[in-house]
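*Asks:* Residue strings, one per chain:
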Amino acid sequence: MSEAKKIVRVTGVTKDFDLGKIVVHVLKGIDLEIEEGKYISIMGPSGSGKSTLFNMIGGLDKPTSGKVFIDEVDIAQLDAYELAWLRCRKIGYIFQTFNLIPVMTALENITIPMTFAGVSNDAALQRGMELLDQVGLTGRQSHRPSELSGGQQQRVAVARALANSPAIILADEPTGNLDLSTGEDIIRLLKELSLQRNVTVISATHDYKMLNVSDQVVWIRDGRVDKIQQRDELDIKTGGLESAAH
Amino acid sequence: MRRLVALPFAKSFQMAYQSIRVRFFRSLVTTMSLVLAVAFLTFTQAGNKITTSLVLSQDPAFLPVLSKIGYDVNPATADSTSTDNIGSSAKQRWIVFLSLLVCVVGIINAQLMSVTERFREIGTLKCLGALDRFIVRIFVMEATMQGLAGGIVGALLGALVACSESLFSFGLSSLAYMPWRAIGTIVLYAIGTGTGLSLLGVLYPAIVASRMLPVDAMRVEQ
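Residue numbers (this note's numbering), protein chains in the order written: chain F, 1 to 246; chain X, 1 to 222.
Simulated from the structure, these hints should not be mistaken for laboratory data.
Where is the CB? At the ideal position from N, CA and C, for every residue including glycine.
Don't take every hint at face value.
Every beta carbon over 12 angstroms from chain X, so not counted as near; a handful from chain F, in silico [unchecked claim]:
hint, residue
1, THR14
2, VAL24
3, GLY139
4, GLY151
5, GLU192
6, ASN198
7, ASP215
Looking from chain F toward chain X, a few residues come up when the C-beta cut is under 10 angstroms (computed) [unchecked claim]:
hint, residue
8, ASN55
9, LYS62
10, THR97
11, THR115
12, ARG144
Computed list of lysine to aspartate or glutamate pairs in EDC-like fashion (alpha-carbon distance at most 20 angstroms, straight line) [to be verified]:
hint, chain 1, residue 1, chain 2, residue 2
13, F, LYS62, X, ASP132
14, F, LYS90, X, ASP132
15, F, LYS38, F, GLU192
Using the sequences and the accompanying hints, generate a full structural model.
*Replies:* Structure (structure tokens):
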């Protein structure tokens with residue numbers, strides 16, 4: 001057996017969207033294995049199917065054919081209850097549009113997943129405060145999302161994704177709605193957390209800032225895996241670009 | 001190991017309450033249509049009961065007013081047929097039924113909109129591990145709270161208007177013949193009807209919303 005555990009395995013996944021008159025083949029057979037504890041970026045032009053792939057891995061949508069395994073469990077075989085459990089405990093989601101619950105405060109947003117996981121109220125509040133500290137939002141616990149900036153909202157979303165100590169964090173364009181430096185902060189935060197907690201981070205993105213921190217980059221083109229690059233291959237490439245710029 | 005996903009009752013109550021409080025104005029509009037329908041229902045029912053008890057009293061002070069309004073005050077027929085007619089004239093039942101029907105359509109519309117504007121929120125909750133029935137439960141609780149509030153306000157308002165109307169037409173002496181117990185029963189029934197209508201309005205949109213795939217729910221433009 002290989003030395004690293006495969007936390008996510010995708011085999012032959014296709015996804016068609018039936019638009020009535022025409023059927024759009026978004027994913028045309030994706031095979032992918034992701035090792036535990038790695039920071040993976042799924043890169044590709046818009047419309048290449050990376051968000052669709054992201055949704056398949058997260059169990060948010062069902063593939064037309066093929067299988068997705070999380071921790072060697074085929075998620076198509078799970079019932080609603082087990083799927084909810086998987087989303088609650090195993091996976092943390094971060095979205096481009098933050099998707100915080102607008103009527104709840106920052107702290108309440110972070111504690112919802114813990115409530116679903118059956119954590120007692122006091123323990124959830126305490127852990128929520130610790131997470132707020134970790135993402136650099138000390139003292140902001142009673143602010144509503146509308147009272148926070150985009151970067152702060154995304155930090156709350158990162159804290160929420162970490163609430164139940166998931167094995168995987170799925171981030172769909174986490175920096176898409178943020179300015180350059182705020183986006184870098186979020187990327188750095190994700191990378192630090194990934195290293196500290198041995199969490200697998202999978203982010204769909206077309207933000208090239210992500211490349212510097214990625215262990216592996218999966219390039220998606222036209223519904224297929226174009227190429228998979230390891231970090232050392234990338235370093236040569238970016239190094240080459242930098243020297244060309246000077 | 002049992003794979004447990006839970007939402008304690010108190011927590012879902014808190015979420016529902018918070019949601020109403022933050023969207024107070026929208027909730028108020030939904031509740032208002034309920035208040036009006038329940039008030040109308042209580043008003044007609046309680047008004048009938050009051051008039052019936054006045055007719056049955058055969059007090060000479062009320063008879064001219066009663067016959068002027070159009071009631072048959074002949075003692076021979078009063079206790080058999082006409083009193084029944086006061087309580088349940090087909091026209092009145094029809095009007096009450098129509099007003100409730102309009103109210104239900106209004107509530108379903110308001111609840112559909114309030115559920116639709118929260119699709120993204122519902123999708124997010126499902127991503128965080130909420131089961132379909134958590135979503136339904138939160139919406140049902142919201143509807144129950146709105147239904148109870150609207151029902152209580154509406155029923156009291158209707159009963160109050162019915163009582164003051166009879167005081168106005170028949171004078172203070174009619175107070176002696178007020179069927180308080182019957183009015184109380186009507187108020188309770190009206191509150192129950194209001195809550196039931198509110199639940200009826202929210203169930204369909206809530207069940208539809210809870211069954212959506214998270215990705216579909218979150219794709220909705222806001």
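*Asks:* Of the numbered hints stated previously, which ones are contradicted by the structure, given in increasing order?
*Replies:* none
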